[in-house]
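**Q** Letter by letter, the chains look like this.
Number of protein chains: 2
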Amino acid sequence: MKRRQFIRMAGLGAAGAATVASPAIAQSMPEIRWRLTSSFPKSLDTIYGATDLFAKAVAEATDNKFQIQVFAAGEIVPALQALDAASNGTVEMAQTAGYYYVGKDPTFAIGTSMPFGLNSRMQTAWLHSGGGAELFNDFLKNYNLIAFAAGNTGCQMGGWFRKEIKEVADLNGLKMRIGGIAGNVLAKIGVVPQQVGAGDIYASLEKGTVDAAEFVGPYDDEKLGFQKVAKYYYYPGFWDGGPTIHHMVNIAKWEQLPPAYKSLIKTASSMANEAMQARYDAFNPPAIKRLVAGGTQLRAFSPAILDASLKAANDLYAEIAAKNPNFKKLYDHMVAFRADQYAWWQVAEFSYDNYMIRSRPRG
Amino acid sequence: MKRRQFIRMAGLGAAGAATVASPAIAQSMPEIRWRLTSSFPKSLDTIYGATDLFAKAVAEATDNKFQIQVFAAGEIVPALQALDAASNGTVEMAQTAGYYYVGKDPTFAIGTSMPFGLNSRMQTAWLHSGGGAELFNDFLKNYNLIAFAAGNTGCQMGGWFRKEIKEVADLNGLKMRIGGIAGNVLAKIGVVPQQVGAGDIYASLEKGTVDAAEFVGPYDDEKLGFQKVAKYYYYPGFWDGGPTIHHMVNIAKWEQLPPAYKSLIKTASSMANEAMQARYDAFNPPAIKRLVAGGTQLRAFSPAILDASLKAANDLYAEIAAKNPNFKKLYDHMVAFRADQYAWWQVAEFSYDNYMIRSRPRG
Numbered sequence: 398m399k400r401r402q403f404i405r406m407a408g409l410g411a412a413g414a415a416t417v418a419s420p421a422i423a424q425s426m427p428e429i430r431w432r433l434t435s436s437f438p439k440s441l442d443t444i445y446g447a448t449d450l451f452a453k454a455v456a457e458a459t460d461n462k463f464q465i466q467v468f469a470a471g472e473i474v475p476a477l478q479a480l481d482a483a484s485n486g487t488v489e490m491a492q493t494a495g496y497y498y499v500g501k502d503p504t505f506a507i508g509t510s511m512p513f514g515l516n517s518r519m520q521t522a523w524l525h526s527g528g529g530a531e532l533f534n535d536f537l538k539n540y541n542l543i544a545f546a547a548g549n550t551g552c553q554m555g556g557w558f559r560k561e562i563k564e565v566a567d568l569n570g571l572k573m574r575i576g577g578i579a580g581n582v583l584a585k586i587g588v589v590p591q592q593v594g595a596g597d598i599y600a601s602l603e604k605g606t607v608d609a610a611e612f613v614g615p616y617d618d619e620k621l622g623f624q625k626v627a628k629y630y631y632y633p634g635f636w637d638g639g640p641t642i643h644h645m646v647n648i649a650k651w652e653q654l655p656p657a658y659k660s661l662i663k664t665a666s667s668m669a670n671e672a673m674q675a676r677y678d679a680f681n682p683p684a685i686k687r688l689v690a691g692g693t694q695l696r697a698f699s700p701a702i703l704d705a706s707l708k709a710a711n712d713l714y715a716e717i718a719a720k721n722p723n724f725k726k727l728y729d730h731m732v733a734f735r736a737d738q739y740a741w742w743q744v745a746e747f748s749y750d751n752y753m754i755r756s757r758p759r760g
Numbered sequence: 398m399k400r401r402q403f404i405r406m407a408g409l410g411a412a413g414a415a416t417v418a419s420p421a422i423a424q425s426m427p428e429i430r431w432r433l434t435s436s437f438p439k440s441l442d443t444i445y446g447a448t449d450l451f452a453k454a455v456a457e458a459t460d461n462k463f464q465i466q467v468f469a470a471g472e473i474v475p476a477l478q479a480l481d482a483a484s485n486g487t488v489e490m491a492q493t494a495g496y497y498y499v500g501k502d503p504t505f506a507i508g509t510s511m512p513f514g515l516n517s518r519m520q521t522a523w524l525h526s527g528g529g530a531e532l533f534n535d536f537l538k539n540y541n542l543i544a545f546a547a548g549n550t551g552c553q554m555g556g557w558f559r560k561e562i563k564e565v566a567d568l569n570g571l572k573m574r575i576g577g578i579a580g581n582v583l584a585k586i587g588v589v590p591q592q593v594g595a596g597d598i599y600a601s602l603e604k605g606t607v608d609a610a611e612f613v614g615p616y617d618d619e620k621l622g623f624q625k626v627a628k629y630y631y632y633p634g635f636w637d638g639g640p641t642i643h644h645m646v647n648i649a650k651w652e653q654l655p656p657a658y659k660s661l662i663k664t665a666s667s668m669a670n671e672a673m674q675a676r677y678d679a680f681n682p683p684a685i686k687r688l689v690a691g692g693t694q695l696r697a698f699s700p701a702i703l704d705a706s707l708k709a710a711n712d713l714y715a716e717i718a719a720k721n722p723n724f725k726k727l728y729d730h731m732v733a734f735r736a737d738q739y740a741w742w743q744v745a746e747f748s749y750d751n752y753m754i755r756s757r758p759r760g
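Here the protein sequences line up with chains R and F, keeping their order. The opening position of the first sequence corresponds to residue 398 in the numbering used here, with each subsequent residue numbered one higher. The opening position of the second sequence corresponds to residue 398 in the numbering used here, with each subsequent residue numbered one higher.
Honestly, the hints are just simulated from the structure, not real lab data. Any given hint could be a false lead.
When chains are identical, the list treats them as one kind, so a pair holds in a single copy or across two.
Below, in silico cross-link-like pairs of lysine-lysine (DSS-like), each with a Cα-Cα straight-line distance of 27 Å or less [said to hold, decoys possible]: (1) Lys686 with Lys725; (2) Lys462 with Lys625; (3) Lys462 with Lys650; (4) Lys686 with Lys726; (5) Lys585 with Lys572; (6) Lys453 with Lys659; (7) Lys462 with Lys663; (8) Lys538 with Lys686; (9) Lys650 with Lys453; (10) Lys625 with Lys563; (11) Lys628 with Lys686; (12) Lys462 with Lys659; (13) Lys663 with Lys439; (14) Lys604 with Lys560; (15) Lys650 with Lys708; (16) Lys453 with Lys663; (17) Lys563 with Lys720; (18) Lys625 with Lys501.
When you get a sec, could you build the whole thing from the sequences and use the hints?
**A** Encoded structure:
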């Protein structure tokens, strides 16, 4: 072969290889930019931070070919319009909590958390391996959405109260910042639920516009300074036993993704689900120590208040289920799962925690 | 421009583009095949299955460019040589539990689980956001390894006993299949620990070669049929409050990976960490129902046995810490973390679970 001929054939070979390889690469790993709108502010480094980690992981694993830009609440749409923005395609996806949208349909809450629902590990197990995600996503098709669990706060606190609450009667007429189904449950036993944005809770408590307010737990609450304007910090937040934050993706946008990116969104959402819970679990203990050292009075809700709230919740669920087949379907499934969960939980987990709590002073 | 000249230049352009683009692609997303050896058999779909999901996720997100082939225990090396195989580069990585290697150094156990250590969420929080992973990985450098949490079983059961164990004295001379530090702890209060491979536990219990055996929990134990040869099923497995299974990667192989693949291994290990716990949480409840329906007798370890075991554990830890600075460093860190964890855990989480367990019969 002449040298000139060799060079031309080698060139052809290289060009041929490029022609075969390039389209495959272009199809499977295209350059894509998405926008994600969050229901949360950047200041919540636990919640917002988990989705930041998610977006970072997606970008890293694709050498920045798939970039998801995360916008805080209010940057594109307000906090409680995140789901709509993903649903109507304004953005490709949202980080939000289903239970913010019970005004559309109370079924949304079951994907997140229900008063007296599952704890954090159980909610994850139900969604992941208990059939919960399939049911929730069937429901979300009505809103052009597919959702992936992407964080959990763990059991929250019952909130900040300016006065002690001992009897159910003490709740009568009490103006409390609490929303969604939890507000509906407490309304049945006398509470007057108030809608107050996170940024306005402090001023409302200070002025006495509200008598009580629930937010999240020690780490987040301390940052907003509630300990300065309310003395009593009640537990547990029985309406938030283990709320799941979801990534909700517009289905049409989802279907346009190559399989590699779909897989990566699932995997990185799972990572966020772990990260958010781990951060809360690591950051809450020092925060509650600081709060108690600063004078915050911890109080448990009395058994009478818990019992009255449980009855109110069960009454409410029966009323909703009677007229909403979607709700009934998901609720019945979750309740059956919960019964088995707590039957098992009390054996190993609870008895272990119980012993560890009792023996703590002995080191 | 003449047609011939144009074609040549276009060809050059394409070749040029390929020349520029290909090396970049080759560097960032090269074709890589790794082998992962597991300490677990395929039959444990919970544990082994989580790493299967991990490998699948890595392959999917890279369009099969990065393939990690998972080998069950014994296929490349025996179960308890998985760490050595990753350490010496026989394989690139392993799925294993640090506490299998306490013969090398008891410090290994702190990355997994210690008797009276952290529960599942706490262990994840310690490793993820509490400084635990950094300490564990500092230690693992001595073995050419870097580790990523990749699964947790939750609190395990205390195992199967052929006779009831009521007093500490009942443990005297009891031959029990239990290993590692847990075996050392129980030996201090009379148990005679036995090394028995998972596949031989059933026969050993049946023949009476051992009087008791611990394995994992209802879902895994039921598959091995222990309920047919031992009547009493004790709880909690206080030596396995929340053991973390790790992916352990040979550091030299790790350093050769492009950043995208490093990031993906971390992200997909987190996914496995979530998946294993979710599967155990979903699958254990039906299993314990079946076991109890079939005649298995559930028994709680008595407070006296727990107290004697706690004292034995603390004595053992003091002995090890006195002569092993690595152990002391990680142990002291974990113990400080644990104290804050349980101080907080008893507030919201435990009181919520407590109410949910108490109110269960009322629906």
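**Q** The structure should be examined with respect to each hint, and the outcome stated for every one.
**A** Going through the hints against the structure:
no. : hint               : result
1   : Lys686 with Lys725 : between (41 Å within a copy, 25 Å between copies)
2   : Lys462 with Lys625 : neither (47 Å within a copy, 55 Å between copies)
3   : Lys462 with Lys650 : both (16 Å within a copy, 25 Å between copies)
4   : Lys686 with Lys726 : between (42 Å within a copy, 24 Å between copies)
5   : Lys585 with Lys572 : within (13 Å within a copy, 58 Å between copies)
6   : Lys453 with Lys659 : both (16 Å within a copy, 13 Å between copies)
7   : Lys462 with Lys663 : both (17 Å within a copy, 19 Å between copies)
8   : Lys538 with Lys686 : neither (44 Å within a copy, 34 Å between copies)
9   : Lys650 with Lys453 : both (20 Å within a copy, 23 Å between copies)
10  : Lys625 with Lys563 : within (22 Å within a copy, 51 Å between copies)
11  : Lys628 with Lys686 : within (15 Å within a copy, 45 Å between copies)
12  : Lys462 with Lys659 : both (14 Å within a copy, 16 Å between copies)
13  : Lys663 with Lys439 : both (23 Å within a copy, 24 Å between copies)
14  : Lys604 with Lys560 : within (14 Å within a copy, 65 Å between copies)
15  : Lys650 with Lys708 : neither (42 Å within a copy, 58 Å between copies)
16  : Lys453 with Lys663 : both (14 Å within a copy, 12 Å between copies)
17  : Lys563 with Lys720 : neither (35 Å within a copy, 53 Å between copies)
18  : Lys625 with Lys501 : neither (36 Å within a copy, 52 Å between copies)
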